[in-house]
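Chains as they are written, first to last, in my numbering: chain A, 1 to 151; chain B, 1 to 323; chain C, 1 to 524.
FYI, nobody ran anything at the bench for these hints, they're computed from the structure. It is possible that part of the hints are untrue.
[Said to hold, decoys possible] Keeping only pairs whose Cα atoms sit at most 20 Å apart, straight-line, the calculated DMTMM-like set for lysine to aspartate or glutamate is:
#, chain 1, residue 1, chain 2, residue 2
1, A, Lys-63, C, Glu-109
2, A, Lys-141, B, Glu-52
3, A, Lys-3, B, Glu-72
4, B, Lys-141, C, Glu-193
Just so you know, these numbers come straight off a predicted model, no measurement behind them.
Each chain, letter by letter, is given below.
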Amino acid sequence: MEKVLNLARANSLWPMTFGLACCAIEMMSTAMSRFDLDRFGAGVFRGTPRQADLMIVTGTVTKKMAPVLVTLYEQMPSPKWVIAMGNCAISGGPFVFEGQYNVIEGVDLLVPVDVYVPGCPPRPEGLLEGFLKLEEKITGKRSFPGPENRW
Amino acid sequence: MEQIVNMIGWEALKMIIGLVGVLVFVVLNALILTWAERKVAGHMQRRIGPKEVGPYGLIQPIADALKLLGKEILTPRAVDRPLYFLAPIIIFVPVLVSFIVIPFDASLLVKDINVGILLILAFSSLSVLSILMAGWGSNNKYALIGAIRSVAQNIAYEIPLLLALLPVIMMVNSFSLKSIVEAQKGLWFVFYQPLAFCIYFVAGVAETNRTPFDLPEAESELVAGYHTEYSGMRFALFFLAEYTNIFIVSAIAVTFFLGGYQGPFLPGIVWFLLKSYLLVFVIMWLRWTYPRVRFDQLLNISWKALIPLAFINLLITGGLLKL
Amino acid sequence: MVEKIKTELGAALKEIPIGESDYRERGYHLFAEVASSDLLNVARFFDERGFYLAALICVDYLEYLELVYIFSNHVSLCKVKVALKIEPARPVAPTISTIFDCACWYEREIREFFGVTFEGHPNMTYLFLHEGIDYYPLRKGQIPVSDEDKKSLGSFRPEGGEDTFCVNLGPQHPSTHGVLRVVLKMDGEYIEEAEPVLGYLHRMHEKMAENRGYLQFLPNTGRMDYLGAMSFNLGYVTAVERLCGIAVPDRANYVRVIATELNRLSSHLMWLGAYLADLGALTPFLFVFDDREQINDILEPVTGSRLTYCYFRFGGLYNDVDEAFIAGTKAFIERMKGRFSLYEKLVTGNVIFINRTRGIGVIAKERARKQAVSGPVLRATGIAMDMRKTEPCAAYGEMDFDVPVGTRGDALDMYHVRVKEMENAVKIIEQALAGLPEGPIMTEKVPKKLKPPKGDLYHTVETPRGELGIYIVSDESDTPYRMKWRVPSFSNLMVFPELAKGNLLADAVAILGSLDLVIPEIDR
Numbered sequence: 001m002e003k004v005l006n007l008a009r010a011n012s013l014w015p016m017t018f019g020l021a022c023c024a025i026e027m028m029s030t031a032m033s034r035f036d037l038d039r040f041g042a043g044v045f046r047g048t049p050r051q052a053d054l055m056i057v058t059g060t061v062t063k064k065m066a067p068v069l070v071t072l073y074e075q076m077p078s079p080k081w082v083i084a085m086g087n088c089a090i091s092g093g094p095f096v097f098e099g100q101y102n103v104i105e106g107v108d109l110l111v112p113v114d115v116y117v118p119g120c121p122p123r124p125e126g127l128l129e130g131f132l133k134l135e136e137k138i139t140g141k142r143s144f145p146g147p148e149n150r151w
Numbered sequence: 001m002e003q004i005v006n007m008i009g010w011e012a013l014k015m016i017i018g019l020v021g022v023l024v025f026v027v028l029n030a031l032i033l034t035w036a037e038r039k040v041a042g043h044m045q046r047r048i049g050p051k052e053v054g055p056y057g058l059i060q061p062i063a064d065a066l067k068l069l070g071k072e073i074l075t076p077r078a079v080d081r082p083l084y085f086l087a088p089i090i091i092f093v094p095v096l097v098s099f100i101v102i103p104f105d106a107s108l109l110v111k112d113i114n115v116g117i118l119l120i121l122a123f124s125s126l127s128v129l130s131i132l133m134a135g136w137g138s139n140n141k142y143a144l145i146g147a148i149r150s151v152a153q154n155i156a157y158e159i160p161l162l163l164a165l166l167p168v169i170m171m172v173n174s175f176s177l178k179s180i181v182e183a184q185k186g187l188w189f190v191f192y193q194p195l196a197f198c199i200y201f202v203a204g205v206a207e208t209n210r211t212p213f214d215l216p217e218a219e220s221e222l223v224a225g226y227h228t229e230y231s232g233m234r235f236a237l238f239f240l241a242e243y244t245n246i247f248i249v250s251a252i253a254v255t256f257f258l259g260g261y262q263g264p265f266l267p268g269i270v271w272f273l274l275k276s277y278l279l280v281f282v283i284m285w286l287r288w289t290y291p292r293v294r295f296d297q298l299l300n301i302s303w304k305a306l307i308p309l310a311f312i313n314l315l316i317t318g319g320l321l322k323l
Numbered sequence: 001m002v003e004k005i006k007t008e009l010g011a012a013l014k015e016i017p018i019g020e021s022d023y024r025e026r027g028y029h030l031f032a033e034v035a036s037s038d039l040l041n042v043a044r045f046f047d048e049r050g051f052y053l054a055a056l057i058c059v060d061y062l063e064y065l066e067l068v069y070i071f072s073n074h075v076s077l078c079k080v081k082v083a084l085k086i087e088p089a090r091p092v093a094p095t096i097s098t099i100f101d102c103a104c105w106y107e108r109e110i111r112e113f114f115g116v117t118f119e120g121h122p123n124m125t126y127l128f129l130h131e132g133i134d135y136y137p138l139r140k141g142q143i144p145v146s147d148e149d150k151k152s153l154g155s156f157r158p159e160g161g162e163d164t165f166c167v168n169l170g171p172q173h174p175s176t177h178g179v180l181r182v183v184l185k186m187d188g189e190y191i192e193e194a195e196p197v198l199g200y201l202h203r204m205h206e207k208m209a210e211n212r213g214y215l216q217f218l219p220n221t222g223r224m225d226y227l228g229a230m231s232f233n234l235g236y237v238t239a240v241e242r243l244c245g246i247a248v249p250d251r252a253n254y255v256r257v258i259a260t261e262l263n264r265l266s267s268h269l270m271w272l273g274a275y276l277a278d279l280g281a282l283t284p285f286l287f288v289f290d291d292r293e294q295i296n297d298i299l300e301p302v303t304g305s306r307l308t309y310c311y312f313r314f315g316g317l318y319n320d321v322d323e324a325f326i327a328g329t330k331a332f333i334e335r336m337k338g339r340f341s342l343y344e345k346l347v348t349g350n351v352i353f354i355n356r357t358r359g360i361g362v363i364a365k366e367r368a369r370k371q372a373v374s375g376p377v378l379r380a381t382g383i384a385m386d387m388r389k390t391e392p393c394a395a396y397g398e399m400d401f402d403v404p405v406g407t408r409g410d411a412l413d414m415y416h417v418r419v420k421e422m423e424n425a426v427k428i429i430e431q432a433l434a435g436l437p438e439g440p441i442m443t444e445k446v447p448k449k450l451k452p453p454k455g456d457l458y459h460t461v462e463t464p465r466g467e468l469g470i471y472i473v474s475d476e477s478d479t480p481y482r483m484k485w486r487v488p489s490f491s492n493l494m495v496f497p498e499l500a501k502g503n504l505l506a507d508a509v510a511i512l513g514s515l516d517l518v519i520p521e522i523d524r
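Using the sequences and the hints, build the whole thing.
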């Protein structure tokens with residue numbers, strides 16, 4: 001029974017719109033006509049955290065934004081997942097320098113992250129691959145052919 | 001079987017079977033409509049909708065439903081408990097009651113009540129109550145604003161709805177939906193009453209809170225309107241009620257104006273479903289084409305445009321019938 | 001014009017010498033150094049003559065702090081720099097927000113970054129930073145925030161009244177603006193007060209500029225305004241070239257124009273899609289992204305990125321355009337002309353759209369000048385000012401295009417101005433493609449570590465959002481001493497609170513959308 005539920009959850013992930021910075025535009029591109037995200041069932045971007053089960057953190061998280069992010073994460077009902085998209089969400093990105101005072105170096109200091117998608121900004125195909133990795137993490141096997149290992 | 005019939009009577013048994021059938025139909029309809037909405041949206045936006053989940057994405061709504069069932073049932077701390085819990089249940093009552101009187105075919109009707117349309121209109125006001133309960137009970141400013149907008153909108157658009165249906169009722173001299181369909185054997189009423197059809201359609205779209213009248217759940221302004229604080233199964237109930245309402249509005253339009261289940265060659269129920277789903281497709285088409293109307297413009301359309309037109313139509317019909 | 005202002009200013013301020021500077025090197029025509037007591041008179045002088053406050057900058061030279069006011073003009077090109085020196089131990093200056101409204105937020109920003117107190121300022125609370133930052137970020141050396149500053153800066157608490165309640169619009173909301181939070185005090189559906197709270201994406205670009213070399217800072221410019229990244233690149237690169245006196249070959253100039261105009265098209269298309277999504281029509285958003293993907297297909301093989309471009313280098317470009325680029329651009333332009341008619345049919349004639357935008361958010365010309373509004377927002381009010389015409393950089397001087405102007409200043413006019421700008425962009429690209437010269441794309445002998453001569457420069461460029469001003473102070477080392485970015489969205493956002501007052505919530509969203517804001521450039 002758990003397997004069927006997991007399969008259903010993996011195929012119907014509803015993301016929450018949490019676009020912070022430049023990566024948000026690439027996330028929107030992924031949901032658009034060319035790299036359609038609706039194909040995988042993740043089409044409906046809900047605005048409220050109560051109805052979403054995936055939070056894609058796209059962009060730099062600053063200290064002012066951090067409490068907001070944690071509040072939204074806790075408002076999501078479980079089971080919930082987080083994708084950290086872009087270098088800024090993974091580890092602060094290009095904005096980490098000595099003496100910096102406002103950027104949180106990686107969103108995994110605040111919430112548990114399931115999939116990391118690197119890039120500045122990552123290509124939409126990269127985000128799609130992140131989605132499929134998340135599906136693999138939920139169901140245990142990957143249903144879409146992956147990139148061929150060439151080396 | 002004999003014993004059950006002797007215990008409760010034949011009529012009651014028919015009612016129970018009918019209600020079970022209605023429930024099954026409601027669930028099936030919601031599944032089909034969620035899939036159809038995403039596919040229609042996709043194709044209008046030059047992309048394909050859900051495709052990976054089953055052939056042509058047909059299993060997508062089942063995956064959605066299972067996922068929503070498996071969600072944690074979360075109750076925010078500061079909500080008004082009785083209102084918050086009852087709202088999604090109450091929104092279902094008018095939906096189910098409306099299905100009792102809609103004729104799917106000459107004999108496929110749960111009960112042919114002689115005040116059929118009055119029953120439907122009376123119960124549809126109940127959905128306004130449940131939206132208000134949802135908005136107020138959520139203890140959330142966005143939900144409250146959404147609920148208040150919805151109340152004003154629904155109350156304003158019930159009047160043209162009723163006024164647009166009155167000429168047909170006057171022509172047939174009966175409130176029962178079955179007799180209205182039977183009276184269209186000659187020519188469908190849409191040719192007699194084109195203006196009433198348009199007014200009814202616009203008012204019906206406004207009653208179901210769909211774009212261009214979807215202010216109560218305006219996504220870019222109020223995060224999700226009156227169902228902001230609902231998650232999991234409760235949200236699924238709101239969703240279900242909205243899609244079933246769309247079907248009911250189209251079904252009533254088909255019954256009153258487009259001949260109901262009448263049509264050559266194919267069995268009645270197939271015609272009925274075909275016509276209803278055609279109107280449902282038009283409603284979805286409207287959603288993905290037009291932007292949202294602002295709140296005061298919405299009320300202006302109802303009070304200044306639709307109601308006078310409906311009154312004029314009623315007067316003309318009454319006058320013509322007298323002669 | 002410059003002579004007239006010089007004589008009049010000299011007559012008004014008798015003791016202060018007015019210097020003339022070489023416009024090509026410094027970016028301003030006249031400069032004057034005033035004392036605190038004269039500042040208000042100078043501000044009134046410029047206000048009476050129709051100038052606007054383009055930028056208010058603070059620079060920390062360790063022995064003193066210098067406040068730089070740049071006054072500029074809509075009608076003819078005349079820039080005046082007024083400098084005010086204040087002592088670093090207790091920095092105090094008079095406020096000019098009573099005369100120029102835009103100074104209100106400029107001064108708030110300087111207060112929290114430098115610690116300068118402005119006497120008479122109405123609202124000195126945190127704009128970008130938050131409680132917990134214990135020293136003034138942009139001062140050289142760690143100067144701690146004094147306790148009275150902490151108290152007055154952190155005292156913004158939104159509260160409702162008896163009949164009103166406070167609603168947050170953001171920081172996370174389903175429209176595509178980014179992390180902007182506006183605290184609305186509402187009376188039912190009508191807005192009484194709107195107070196934007198910024199700083200949710202403050203990424204310390206100006207502080208980073210002081211720690212990085214000129215070339216190392218180039219990627220940052222693309223991230224500041226990710227929708228119009230080429231124009232920010234262009235502004236920065238031409239500013240540094242102007243400071244160092246580097247000449248750029250013609251072919252590079254033409255390619256820069258083509259790339260910047262393609263980006264302008266892309267940015268306006270994105271605005272169109274996002275604005276309609278705000279209003280509720282979700283389908284044009286997808287058509288718009290289709291066009292943007294076509295532009296990305298052309299630019300990506302040449303520049304290497306899809307969104308945050310970093311294509312220009314000091315002295316030219318780093319990669320030449322090839323036949324595929326030229327052929328692709330020509331095909332795209334043909335296609336785009338057909339798409340304009342599609343958008344006409346879908347959007348421009350749509351009754352609901354016109355009703356939602358006509359008469360909403362009307363900006364008067366006088367308010368536009370006092371709030372230092374720029375870009376399509378300014379042109380919609382009726383003032384025809386385009387930096388590409390008044391101060392052309394790259395090859396804009398050789399292009400032939402007109403400046404679209406609106407009449408009423410409402411959201412519908414802004415829509416029409418931007419659509420005409422898109423058509424202009426197509427025209428400019430055609431002309432640039434037709435006149436593309438052969439030749440090198442990079443000047444010879446540009447040092448890897450640029451060391452510009454000592455001095456300062458105020459350089460402006462027209463981005464899709466308005467006037468971008470870059471003020472660089474160089475002290476002959478390979479990192480800038482101070483780099484200040486005067487971004488158009490910051491000034492455009494200042495108009496929003498007065499426009500939103502008394503309107504419905506739905507209208508406020510429509511107004512915010514029509515201003516075309518990009519939050520990372522506001523927060524820098």
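Right, here's what the structure says about each hint:
1. A/Lys-63 to C/Glu-109: This hinted pair holds, its Cα atoms lying about 18 Å apart.
2. A/Lys-141 to B/Glu-52: Answer holds: A/Lys-141 to B/Glu-52 is near 15 Å, not above 20 Å.
3. A/Lys-3 to B/Glu-72: holds (17 Å)
4. B/Lys-141 to C/Glu-193: holds (17 Å)
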